[in-house]
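Colleague: So the chains spell out like this:
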Amino acid sequence: MPTVPIKDEHRVGTEARHKVEPSAYLQKLFQSGTPDLGWMKETGQWGMHAKPSGLGLRLKDIEIGSYGVVPERGGKHLSMAPRGSIVPDNVPSLGFTINNKDECWADNVTELYEEAVARQWSSARDIPWDELKPLPDDLERAMCQLCTFLTEVEFIAADAPTRWMSRINQDFFEVKLFLATQAMDEARHMDVFRKRALANGGGLGKASAYSELGLKKIFDAPSFSAQTGRLHLLGEGFVLTIFRQGEFIAPSRVDQEIFRRCMQDESRHVGYGTMHLRAQLKSRPELAEEIHTELDDAERILLEIFSEPESVEPMAVLMGGGLAHFDKGMEMQSQLWRRIVGEYLQRCDSAGLDRRPRCLLPTDFAKLVS
Amino acid sequence: MAPNFPEPQWFLALDRLMAVRGELFRRIGYVETRFIVRVLPDEGGGGEERNQEERNQEERNQEDRDQEDRDQEDRDQEERNTGVAMQGYALTDAVALAPGAAASFDADFTICARGAVWRRMLDEIARGGRPELRHTLNSLALIGDELWLESADQLREDKFYRFNQSLQELFNLAAELPVG
Numbered sequence: 247m248p249t250v251p252i253k254d255e256h257r258v259g260t261e262a263r264h265k266v267e268p269s270a271y272l273q274k275l276f277q278s279g280t281p282d283l284g285w286m287k288e289t290g291q292w293g294m295h296a297k298p299s300g301l302g303l304r305l306k307d308i309e310i311g312s313y314g315v316v317p318e319r320g321g322k323h324l325s326m327a328p329r330g331s332i333v334p335d336n337v338p339s340l341g342f343t344i345n346n347k348d349e350c351w352a353d354n355v356t357e358l359y360e361e362a363v364a365r366q367w368s369s370a371r372d373i374p375w376d377e378l379k380p381l382p383d384d385l386e387r388a389m390c391q392l393c394t395f396l397t398e399v400e401f402i403a404a405d406a407p408t409r410w411m412s413r414i415n416q417d418f419f420e421v422k423l424f425l426a427t428q429a430m431d432e433a434r435h436m437d438v439f440r441k442r443a444l445a446n447g448g449g450l451g452k453a454s455a456y457s458e459l460g461l462k463k464i465f466d467a468p469s470f471s472a473q474t475g476r477l478h479l480l481g482e483g484f485v486l487t488i489f490r491q492g493e494f495i496a497p498s499r500v501d502q503e504i505f506r507r508c509m510q511d512e513s514r515h516v517g518y519g520t521m522h523l524r525a526q527l528k529s530r531p532e533l534a535e536e537i538h539t540e541l542d543d544a545e546r547i548l549l550e551i552f553s554e555p556e557s558v559e560p561m562a563v564l565m566g567g568g569l570a571h572f573d574k575g576m577e578m579q580s581q582l583w584r585r586i587v588g589e590y591l592q593r594c595d596s597a598g599l600d601r602r603p604r605c606l607l608p609t610d611f612a613k614l615v616s
Numbered sequence: 009m010a011p012n013f014p015e016p017q018w019f020l021a022l023d024r025l026m027a028v029r030g031e032l033f034r035r036i037g038y039v040e041t042r043f044i045v046r047v048l049p050d051e052g053g054g055g056e057e058r059n060q061e062e063r064n065q066e067e068r069n070q071e072d073r074d075q076e077d078r079d080q081e082d083r084d085q086e087e088r089n090t091g092v093a094m095q096g097y098a099l100t101d102a103v104a105l106a107p108g109a110a111a112s113f114d115a116d117f118t119i120c121a122r123g124a125v126w127r128r129m130l131d132e133i134a135r136g137g138r139p140e141l142r143h144t145l146n147s148l149a150l151i152g153d154e155l156w157l158e159s160a161d162q163l164r165e166d167k168f169y170r171f172n173q174s175l176q177e178l179f180n181l182a183a184e185l186p187v188g
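In the order they appear, the protein sequences are chains H and V. Residue numbers for the first sequence, in this note's numbering: 247 to 616. Residue numbers for the second sequence, in this note's numbering: 9 to 188.
Source of the hints: derived by calculation from the structure; they are not laboratory data. Glycine included, every Cβ here is placed at the ideal spot set by N, Cα and C. Heads up, a few of these hints could be off.
[What the hints assert, rightly or not] For each label pair, taking beta carbons as the anchor points, the in silico distance ranges come out as:
no.	chain 1	residue 1	chain 2	residue 2	range
1	H	Gln581	V	Pro107	24 to 32 Å
2	H	Asp610	V	Glu140	27 to 35 Å
3	H	Trp292	V	Asp101	32 to 40 Å
Pulled out of the complex, with its shape left as it was, chain V reads as follows (with noise of 0.2 Å):
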């Protein structure tokens, strides 16, 4: 079964079209860095916003789905943090995060989006191969207000300026990956 966004294994899937694609790496140059993308629960439905009732009413409709489908919907509902380390033209680590433990990754810096946001990355990647033009990740960030960037210090975060290429174009191989 193909990994689903944000799961370590999608990043790893990715570091092996990476490793395919090397010429295209190689020459926009090695990175060096170490991030976090988080993943917020969509507005209006996130995990310790929900009521009861939203709950209740959830679980019963939960009952006709298979289990798959009720981890996924579970997942989503969840604020989900994925540590990733970049390192020459490879990913070295991908490793899910609890919320609580993002500190731990010591990440230069951490891309923050509500799910929604990320899905319509996502699905413009797969539809043209990149995103639109005003949805690429640096001006995403640029605007910061379906995504940001979070770091404790300018000159960490400024990393994803100098590797921004890379990144953008490390997630433009989603449109290689099967659907999850």
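Okay, chain H solo, but in the shape it has when bound (with noise of 0.2 Å):
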């Protein structure tokens, strides 16, 4: 075989600060030339054959013998040793804390992981920019400032979530892959929301003060769980219903594919909030008060955030088609006001919350100023 040349190969270790002695392995290998191979007789189950399905080999498709047991409690050994694999005594901990399948699993999780891997798209290519075109003044100023709402806020699902994302033991790997889609998906909505404000003559417009708390109280969560109930059962839920609202208010199509592509990520991250919480609750009742508590405090913000005109206004003038049309907007917004909090409080049932006598959301967007 020809040599694969290294540049300036002569200095490469001269100043070195550590000095390594062969193994006796090696040494064993490379004067009897005869290979060890005691790791060929160390294995997981062995003859598995996964069979892919019709959308190719899927998580769930190798979810088969031991290797489809997810242990209730994730290994002692606390190393990213792959789970099935035989883990040797000497690996060094990485300190993982939940280390219950509780404490994060959903049983929906796979299927999350691997709808968001097949339904990943890219802001810069599939989205229609060049179909964007000028709009009234009115409106290309209400969606600039729903899109800065929505650049400040979207990254939090992404940096919150992903704090915890180190802490969780590695043989529960399928919550932390799809951790990772979802901070893929909230990079994409970041950028986009950010591409679309200065795509159209607009630009930025105003940051929130109670935004920035809500965020904060949502990366200061106490636990995983805690963080759940905040980020995805209400943060989300909520965020989902704006985009959902996003594809019925865009004044174009490009606003239109924007929104509708952000709300089937989104969908995903609700979803597993609300079957992580629901397999939580189910092994842990006693943890509801405390989800509860945080969502006292989680709806507290979210009405604060709700009594600025920043984040009332926009919405109002993009539902009504302008601002001669404001009072038709508010209308409008009253009745998706009642799907918001209805949608909200159906996940809560769904995952075992009984969420309806504690709830200070009034179902009637006239009762906030009351």
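Mind docking these for me? Both chains are given alone in their own frames, and the hints should help you get the complex.
Modeller: Listed below in structure tokens is the structure:
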């Protein structure tokens, strides 16, 4: 075989700080030329033949034999040694703190991961930017303010859960894979709304102190499940409805495509959060009070966000189709508020959390004033 | 003869177009859901609501029509349900469901609208390749007065949003169907 050239090869290692003696194994190998091959006998369950489905080889297709068993408690070695592999005694611990399955698991997590991978999109390629046309000033300003809000809040759903991701036991790798797709989704959302704000003669508008407070509370949540309540159940559920509204209020096909695609991504995040809380509350019903307390505060902050003109008015202008139809827009906004609250409460039901008596959000938008 | 919406054959015709436009659907991503399309009778028309006099008058008027037109008219006056299953990039099932049998289909969600609303959407798709901005499946379902979703579980209903782009593109393929 030809030798692979390496630039300045004579300098490599001349100032190395450590000296490593060749192992007994390497010495033997080079002296005898006989391979050890002991590793060939140290395998997990052997003879697996995972079969791809019509959609390729998905995670659920390799959930076979012992490899398909997700333990209730993650490996005590706390390393990244793959689940189902032979784990040496001397692996260093990475100090994972989320080591129980119910602390992070959701029964739909592998399905959502594969779906997310399959349904990724590019804000540069898949949005028909060349169809963007000048809008009346009031509509463009409203759209840009909405995009500012979404640019501001979206990446929390990447930053916050990934703080916990590194603490999740590697035996629950499916959860980590899903959270990685969520982080990618949120990166795309942040980029697409920033692009939209700058693409049609507008620009970024006003950031919100209340939104920032809401984000901080998500960031500082005391546990992964508490964060999931704040983030996935209320925060992302709320933003999901905004995305649904976004497609409706879109003044152009460009905006429609943006919101529809973001809506699909956000639904997966909400789906994970709801199912995770369902699993968590089933195994630890006493956790309900902690989730309720988080939601008490998160709902209060949401109401404060909706007490600011830059949160309320852009949606009303877009819903009404212009400033001249602001009243009509507010009326439609009121109807949609009921939908936001209704869907949120239904997701709480689905998670196994009876939120109705404690919910701070009024079902009638007008009651925000009273 | 071209199938009519919402006959199962109409959806299967969309499935064949979906296969032809495979690249578009692969790029959007695969789908795993089953849903029901419910077409309700138009207001002032529907089967049980009609009184006998209207029925008699209609029967008299239909005497000169051919059998095919009569069948179509009857269908328009009844609630019609079609169960659709999507797996990957194809429809794996499309079946007519009797109104009482909808539950047996175990759908994630049911998309409900009166015939006129569905017709308007399909007319717009036929004209422009897609519905007008505020008449997409999601936009109509959001407002909820003309078209709405029914589901026993919000999580399952959320599949309507998770796969929405694919669902809308599926319906948009109706632009390429011959008029039934």
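Colleague: Tell me, in ascending order, the numbers of any earlier hints that this structure violates.
Modeller: none
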